[in-house]
Amino acid sequence: MKERFCTVPPALLWATVLLSSLPGTAHLGPQTPTSVFGSPFPIGLAKAAAQESGVSGAPRPAPGLHLVDAGTPQGLQELFAPGPDALPLVSAHRGGAAKGFPENCIATFEQTLRHSWSMLEIDLRYTKDHVLVLNHDPTLERTTNGTGCVADHTLEELKQLRLKDREGNLTEHRMPTLDEAMEWARGKAILVLDKKEVPVPDVVRKIEEHRAEAYAMLMAYSFEEVAQCHALNKDIMMEIMVGNRQRLEAFDKTGVPWRQTIVFVGHTPPQDAGLCELIHAKGARCMAGTSRNIDLRFLRGQASGMASLEPDYRALLKLGVDVIETDIPCQVGPLLYAGQPVPASKAKYFRK
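In the working numbering, each residue carries its 1-based index in the sequence shown increased by 47.
It cannot be assumed that every hint is accurate.
What the hints assert, rightly or not - Each computed DSBU-like pair below joins lysine-lysine, with the alpha-carbon atoms no more than 35 Å apart: (1) Lys281 x Lys393; (2) Lys243 x Lys206; (3) Lys235 x Lys393; (4) Lys399 x Lys365; (5) Lys329 x Lys175; (6) Lys253 x Lys395; (7) Lys146 x Lys211; (8) Lys253 x Lys281; (9) Lys399 x Lys206; (10) Lys146 x Lys243; (11) Lys329 x Lys211; (12) Lys175 x Lys211; (13) Lys300 x Lys253; (14) Lys253 x Lys211; (15) Lys399 x Lys300; (16) Lys243 x Lys281; (17) Lys281 x Lys235; (18) Lys146 x Lys253; (19) Lys393 x Lys329; (20) Lys329 x Lys243; (21) Lys399 x Lys146; (22) Lys395 x Lys329; (23) Lys253 x Lys399; (24) Lys235 x Lys253; (25) Lys399 x Lys281; (26) Lys395 x Lys235; (27) Lys235 x Lys329; (28) Lys300 x Lys393.
As the list claims (entries may be wrong) - Listed next, with one range per pair, are the computed distances between beta-carbon atoms: (29) Arg347 x Lys206: 31 to 41 Å; (30) Ala133 x Leu217: 35 to 45 Å; (31) Glu244 x Ala278: 16 to 26 Å.
Just so you know, the hints here were simulated from the structure itself, not pulled from any lab data. Values in this document were obtained by computation on a predicted structure and should not be read as measured data. Think of the CB as a built atom: it goes at the ideal place given N, C-alpha and C, for glycine as much as any other residue.
Construct the entire structure; sequences and hints are all you get.
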């Protein structure tokens, strides 16, 4: 790809990079044409330099968020390396939708992180003009005020739609692109990319474009996809599905290191009480989902409150589950981890 050039003196370039991160000054970014003298400077390099120095035109996170930053791909592996201490971390299914906060929406991600440290599981779809956006369903009716298939609309058309919250109410929020979500997440959160029908190489390429190996995981549906991803980029961590010992033995045969995975053991408590212990011994942590059972009792008003459900969530932790994937992270995270200190061995990755 050819770089675009603009003639900007170095001092002015860095001044405009810094100014472009301030509210109301985005028009002063390094792309601004100028007639003053100076040598050409590649815009792509200016953007990279700004990102390296911590300056970006992307919206800054609101204060008070629970932030997770592994820093490097190796740091992400270390963060999820098994150990005696529990991680104060949940996984927000579709980002953690709530009243006024749609699923797969950046504002919702921030709302989740106000309450708890959390991974963010998000869903990918291609638009008609081949842009990756966040939407769980292949169709638009449930999540937006649009109709038809995501793949039959251009990004421009999809950006005109408004997102619905969990109760079906329209909000002012718009459908984000994967690019927008990945730039937002840098230094803030770990994304788990549920690729749906998007090919593995396309997801790997997007992670590489953003240099996001330290904070973006790929959800692999099969061990063939696991091997494919690993062959393309050995720094990318994956969420894999291992619900029994037969699957555990089958994964061993792929040759992919366990340390590059987090292992989803199921949407119900593992029937094999020793499964999580075996996975820990291999070098990976375990995740289980509660969106299809325990969470529903809260959402349907079948429980008197979260306190009455706490024993059920903690029963999963006692089985060796390390991370609970939940539809209600704003409730489950504080319920399980409020006041719990971050393990000293992992403290460098967590901050508020």
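Hints and how they fare:
{"no.": "1", "hint": "Lys281 x Lys393", "result": "23 Å, holds"}
{"no.": "2", "hint": "Lys243 x Lys206", "result": "21 Å, holds"}
{"no.": "3", "hint": "Lys235 x Lys393", "result": "15 Å, holds"}
{"no.": "4", "hint": "Lys399 x Lys365", "result": "27 Å, holds"}
{"no.": "5", "hint": "Lys329 x Lys175", "result": "42 Å, violated"}
{"no.": "6", "hint": "Lys253 x Lys395", "result": "27 Å, holds"}
{"no.": "7", "hint": "Lys146 x Lys211", "result": "9 Å, holds"}
{"no.": "8", "hint": "Lys253 x Lys281", "result": "15 Å, holds"}
{"no.": "9", "hint": "Lys399 x Lys206", "result": "32 Å, holds"}
{"no.": "10", "hint": "Lys146 x Lys243", "result": "25 Å, holds"}
{"no.": "11", "hint": "Lys329 x Lys211", "result": "42 Å, violated"}
{"no.": "12", "hint": "Lys175 x Lys211", "result": "21 Å, holds"}
{"no.": "13", "hint": "Lys300 x Lys253", "result": "28 Å, holds"}
{"no.": "14", "hint": "Lys253 x Lys211", "result": "27 Å, holds"}
{"no.": "15", "hint": "Lys399 x Lys300", "result": "40 Å, violated"}
{"no.": "16", "hint": "Lys243 x Lys281", "result": "21 Å, holds"}
{"no.": "17", "hint": "Lys281 x Lys235", "result": "23 Å, holds"}
{"no.": "18", "hint": "Lys146 x Lys253", "result": "31 Å, holds"}
{"no.": "19", "hint": "Lys393 x Lys329", "result": "20 Å, holds"}
{"no.": "20", "hint": "Lys329 x Lys243", "result": "28 Å, holds"}
{"no.": "21", "hint": "Lys399 x Lys146", "result": "24 Å, holds"}
{"no.": "22", "hint": "Lys395 x Lys329", "result": "24 Å, holds"}
{"no.": "23", "hint": "Lys253 x Lys399", "result": "28 Å, holds"}
{"no.": "24", "hint": "Lys235 x Lys253", "result": "18 Å, holds"}
{"no.": "25", "hint": "Lys399 x Lys281", "result": "30 Å, holds"}
{"no.": "26", "hint": "Lys395 x Lys235", "result": "13 Å, holds"}
{"no.": "27", "hint": "Lys235 x Lys329", "result": "28 Å, holds"}
{"no.": "28", "hint": "Lys300 x Lys393", "result": "30 Å, holds"}
{"no.": "29", "hint": "Arg347 x Lys206: 31 to 41 Å", "result": "34 Å, holds"}
{"no.": "30", "hint": "Ala133 x Leu217: 35 to 45 Å", "result": "39 Å, holds"}
{"no.": "31", "hint": "Glu244 x Ala278: 16 to 26 Å", "result": "20 Å, holds"}
Hints 5, 11 and 15, counting from the list given before, are not met by this structure.
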